[in-house]
Amino acid sequence: MRLNIEGIAKLAGVSRSTVSRVISGKGYASPETRRRVLAVIEQMQYKPNAVARAMASQRTNSIGVIVFRKQQPIVSHPLYGKLVDAILLAAESLGYSVFLKTDQEMSLNSTDFMLEKRVEGLILISRLHKNVIDYVKKFDVPYLMVNGSTDDPDVIHLVSDDVSGGRQAADHLYGLGHRNIWILAGPQEHRSHKLRLEGFLAWFEERGCGQGLTVVHSPDSTFEQGRRMLAEHWEGFMLQRCTAVFATNDMLALGAIRELSERAVSVPGQVAVMGFDGTDYAAVSTPPLTTVQVDTQRMGADAVATLDCLVRRDGEPTRLKEYECQLIVRQSTLREE
587 MRLNIEGIAK LAGVSRSTVS RVISGKGYAS PETRRRVLAV IEQMQYKPNA
637 VARAMASQRT NSIGVIVFRK QQPIVSHPLY GKLVDAILLA AESLGYSVFL
687 KTDQEMSLNS TDFMLEKRVE GLILISRLHK NVIDYVKKFD VPYLMVNGST
737 DDPDVIHLVS DDVSGGRQAA DHLYGLGHRN IWILAGPQEH RSHKLRLEGF
787 LAWFEERGCG QGLTVVHSPD STFEQGRRML AEHWEGFMLQ RCTAVFATND
837 MLALGAIREL SERAVSVPGQ VAVMGFDGTD YAAVSTPPLT TVQVDTQRMG
887 ADAVATLDCL VRRDGEPTRL KEYECQLIVR QSTLREE
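Each number in the numbering used here comes from the position in the sequence shown (counting from 1) with 586 added on.
In case anyone wonders, no lab produced these hints; they're calculated from the structure.
Take every hint as true, because none was put in to throw you off.
Lysine-lysine pairs mimicking BS3-like chemistry, simulated, CA-CA at most 25 Å apart: (1) Lys656 to Lys716; (2) Lys723 to Lys703; (3) Lys723 to Lys907; (4) Lys687 to Lys668; (5) Lys668 to Lys907; (6) Lys716 to Lys907; (7) Lys780 to Lys668; (8) Lys716 to Lys687; (9) Lys780 to Lys716; (10) Lys907 to Lys780; (11) Lys724 to Lys687; (12) Lys724 to Lys703; (13) Lys687 to Lys656; (14) Lys703 to Lys716; (15) Lys703 to Lys687; (16) Lys656 to Lys780; (17) Lys687 to Lys723; (18) Lys668 to Lys656; (19) Lys723 to Lys656.
The following label-pair restraints were derived from C-beta to C-beta distances: (20) Val851 to Gln774: 25 to 33 Å; (21) Glu908 to Gly613: 44 to 52 Å; (22) Pro659 to Gly593: 42 to 50 Å; (23) Ala891 to Glu628: 32 to 40 Å; (24) Gly681 to Gln826: 50 to 58 Å; (25) Asn647 to Asn695: 17 to 25 Å; (26) Glu592 to Thr904: 42 to 50 Å.
C-beta: ideal position from N, C-alpha, C; glycine also.
Sequences and hints are given; from them, build the entire structure.
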């Protein structure tokens, strides 16, 4: 039997407003009245309609997550997927439902979709065009950006400290004795790839020992692109006598390992390879890949917690929050005795 508040009121012998007070926990109801109402609810297995709850509280308890990325994969991307997982888990713990949308065209349609769903806040993931931010601002909906960049001082964004991570990678390879290093840099219009490269190069430049570095720019950051770039630059790689490869993400590094393997070059015996991101693929590759891990778990959880504060108008969050990366040393850079 489908039951509404009016039906419960009749069965319990109370008014509709009394039932509403018992369900919401707001306002007074005597212990006996409360007992009768709850007994009817339990007997009839009544569950308040989500729309009715939203109308009564003026809240939808939902947030929107939009992942902006031009190329596939998007949600199944090894980094963004982990970030979305962390957001979903944190949202559930705070009682939020999540609408998730991907956008390859950097359009305004995804934002319109979220506004139509009456979300209470937005989490925008990856690099955005300014027109998207300007559009979101018009609607007075709390929002923040994760793993992206913007020149707008009003935007709250949570990002990994990629410069520091790049410096950790440089220090690791230098400490192993590598001086001739082939650097495979992903698209420089993307904040992460750009800053990781900058951090790596700065570490060597500060010590005056960057003469043996070779930078190759890749238009994409996929496994196949990593393999293709090394194949296309193989002659220069050999002439430079490179003993190590640093790629600005794990997938490029894994592609490079595959190409080295196809050419019977031992990793790490002849060439050490390391990546960046700390994806699950890095841990199960052959050999397991040394990487700089991005703290997607904390970034995702903090994104939801920060948005919740904005929704409730509880305090003024920091506009920029950077998360320290962690060097994970695995077999792909270990010295063979």
